[in-house]
Amino acid sequence: MLAIMKRELLSYFTSPLGYVFVAVYYLFSGLFLFLFTLSYQSANMETVYTGMFFVMMIMIPILTMRLMAEENRQKTDQLLLTSPVSLPRLVIGKFLSAFAILLVCTLIFLVYGLVLSGFATVNWAIILGNIFGMLLIGSVFIASGLFISTLTENQMISAVGSIGLNIAFILIDSFAAVMPAKFLQELFSSLSFFAKYSQFTLGVFSLSNIFFFLSVIFIFIFLTVRVLEKRRWA
Amino acid sequence: MIEVKNLTKQYGSKLAVNNISFSVKEGEILGFLGPNGAGKSTTMNMLTGYISSTSGTATINGIDVLEDPIAAKMHIGYLPEKPPVYGDMTVMEYLRFVYSLKKSKMPRESHLAEICELVKITEVRKRLIRNLSKGYQQRVGFAQALVGNPNVLILDEPTVGLDPKQIIEIRTLIKKLGKNHTVILSSHILPEIQAVCDRIVVISSGSIVANDSTDALAKNMSADHKLVVRTEGSSDDVKKLLSSIPGMDRVYVNREAEPGVYEYYLEATQGKDLRREISKKLSSRNYPILMMKSNELSLEEIFLKLTTGDNYGGVDK
Chain U
0 MLAIMKRELL SYFTSPLGYV FVAVYYLFSG LFLFLFTLSY QSANMETVYT GMFFVMMIMI
60 PILTMRLMAE ENRQKTDQLL LTSPVSLPRL VIGKFLSAFA ILLVCTLIFL VYGLVLSGFA
120 TVNWAIILGN IFGMLLIGSV FIASGLFIST LTENQMISAV GSIGLNIAFI LIDSFAAVMP
180 AKFLQELFSS LSFFAKYSQF TLGVFSLSNI FFFLSVIFIF IFLTVRVLEK RRWA
Chain V
0 MIEVKNLTKQ YGSKLAVNNI SFSVKEGEIL GFLGPNGAGK STTMNMLTGY ISSTSGTATI
60 NGIDVLEDPI AAKMHIGYLP EKPPVYGDMT VMEYLRFVYS LKKSKMPRES HLAEICELVK
120 ITEVRKRLIR NLSKGYQQRV GFAQALVGNP NVLILDEPTV GLDPKQIIEI RTLIKKLGKN
180 HTVILSSHIL PEIQAVCDRI VVISSGSIVA NDSTDALAKN MSADHKLVVR TEGSSDDVKK
240 LLSSIPGMDR VYVNREAEPG VYEYYLEATQ GKDLRREISK KLSSRNYPIL MMKSNELSLE
300 EIFLKLTTGD NYGGVDK
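Protein chains in written order, with numbering that gives the first Met the number 0: chain U, 0 to 233; chain V, 0 to 316.
Rather than coming from a laboratory, the hints here were simulated on the basis of the structure. Quantities reported herein were computed from a predicted structural model and do not represent experimental measurements. Cβ coordinates follow ideal geometry from the N, Cα and C atoms, glycine included. Fair warning: there could be bad hints in the mix.
Below, simulated DSS-like cross-link-like pairs (lysine-lysine); rule was C-alpha separation at most 27 Å, straight line [claimed, not checked]:
id, chain 1, residue 1, chain 2, residue 2
1, U, Lys229, V, Lys13
2, V, Lys178, V, Lys102
3, V, Lys24, V, Lys13
4, V, Lys81, V, Lys119
5, V, Lys102, U, Lys229
6, V, Lys133, V, Lys24
7, U, Lys5, V, Lys174
8, V, Lys119, U, Lys229
9, V, Lys239, U, Lys229
10, U, Lys181, V, Lys102
11, V, Lys133, U, Lys181
12, V, Lys178, U, Lys74
13, V, Lys133, V, Lys119
14, V, Lys13, U, Lys74
Residues of chain V clear of chain U, computed beta-carbon distances all greater than 12 Å [stated by the list, open to error]:
id, residue
15, Ile69
16, Glu80
17, Gly86
18, Ala256
19, Thr306
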């Protein structure tokens with residue numbers, strides 16, 4: 000598991016992908032911080048957090064598109080699948096490599112907090128809560144991207160498919176609005192990714208939301224393992 | 000060591016491997032021979048647990064590959080048809096990755112250095128795999144299979160893409176490894192299998208058509224009681240004369256080899272050696288024998304006959 004994570008990380012940083020990803024993340028988060036917080040002379044980063052949801056939604060599929068698709072294309076999956084490594088460990092190793100990069104990106108918010116604390120009193124609990132929230136929703140996107148990447152051997156299809164899936168997550172709210180029956184509306188709203196994430200940005204640290212996202216991550220990792228398993232049985 | 004029982008793989012309606020069984024003893028080098036698309040790689044992929052079998056079992060060291068894949072895979076070093084190397088890693092980075100993937104307990108650096116020496120990639124170990132030639136990539140793939148010193152080696156066309164000198168080196172290496180490893184080696188090149196393997200399994204369109212030791216296969220398929228004779232003189236006359244020898248089953252005029260010289264295919268009753276009778280009979284009528292040899296088939300011919308479905312008796316067309 001650690002070996003796979005290490006290899007993926009190495010691979011992120013032998014190509015420009017890792018550097019570009021981190022740089023673009025810092026660029027957008029910094030830009031948002033300037034546009035939505037500093038320029039209003041406020042210490043409220045709520046809009047920045049909201050913006051990062053959409054940045055991650057589009058960018059993380061770029062990070063995950065390669066993870067399994069390239070193995071499938073180069074047939075290096077033959078090495079992984081004939082090694083004495085269990086499939087869940089293999090998948091979690093891949094997941095952790097992308098998560099490590101996300102972590103490096105997200106921790107920049109500690110720096111932003113420090114910058115803000117030079118001008119105003121900062122509520123560190125809210126910042127830490129949001130860092131946790133961003134890591135959580137980022138992990139959801141990593142897990143869904145990893146799942147899509149397993150389905151194809153083409154990186155482009157993998158990226159576009161994952162972005163599409165992530166957009167579908169957002170559309171859950173819109174679907175809820177047009178549902179004919181009240182219980183369907185409630186069902187869909189209760190599945191809303193964005194509504195749950197927004198609670199973090201408002202400073203609400205709800206265990207049920209955390210549990211919801213963790214379940215989604217688990218489901219996608221589970222599905223990824225099943226796809227690998229199924230291919231063996233096809 | 001390796002035990003394959005009624006292994007079958009079906010892709011949709013296509014039967015890729017059809018009910019094959021064989022076993023490989025410890026320290027044996029088994030050659031897996033067949034034309035392209037015969038099911039060699041599919042079988043190897045099932046043995047290594049990359050794909051499942053539709054039915055049947057494969058056991059490595061008594062461990063069922065499907066029931067306890069992790070334990071079975073601990074014993075296997077696998078070189079697939081396309082070496083599973085990562086272009087963005089250097090040779091050493093790659094081998095270290097494989098080392099930890101296989102959870103090897105051997106001292107890492109000395110073990111890997113030894114493998115590099117063995118497959119002769121020491122001088123490229125710091126280079127990116129993507130910049131290496133096909134032959135070197137193949138050898139890196141081979142090195143990967145040796146990491147952790149597994150006692151079963153499964154090599155799918157290990158010499159593809161190598162130059163003749165490298166091919167000989169790799170063959171020598173496989174022979175050397177065969178002394179303390181169990182090796183299955185696939186190829187569609189016969190001399191390769193003949194040079195390296197103790198035993199040959201010939202597979203054609205998913206089924207085993209022969210399974211024997213290399214020598215026995217050549218011997219069984221050819222036949223001492225089948226002869227090729229060339230003699231000068233009227234072919235009708237000679238044919239009649241030869242047919243009159245007791246124990247001669249068939250006489251077949253093959254062709255006119257030289258002007259006035261005919262070539263005959265003779266088939267005696269199994270186990271009978273009629274060379275002396277033939278010689279006496281022909282000389283009694285002053286037909287000079289210009290050539291007489293046993294109609295022994297080379298492995299190449301046997302292979303073609305087995306895999307194209309011709310009768311492999313040797314004499315008949």
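Next on the checklist: Output the indices of the hints that this structure fails to meet, ascending.
Outcome noted: As far as the earlier hints go, 3, 6, 7, 8, 9, 10, 11, 12, 15, 16 and 17 are violated by this structure, in ascending order.
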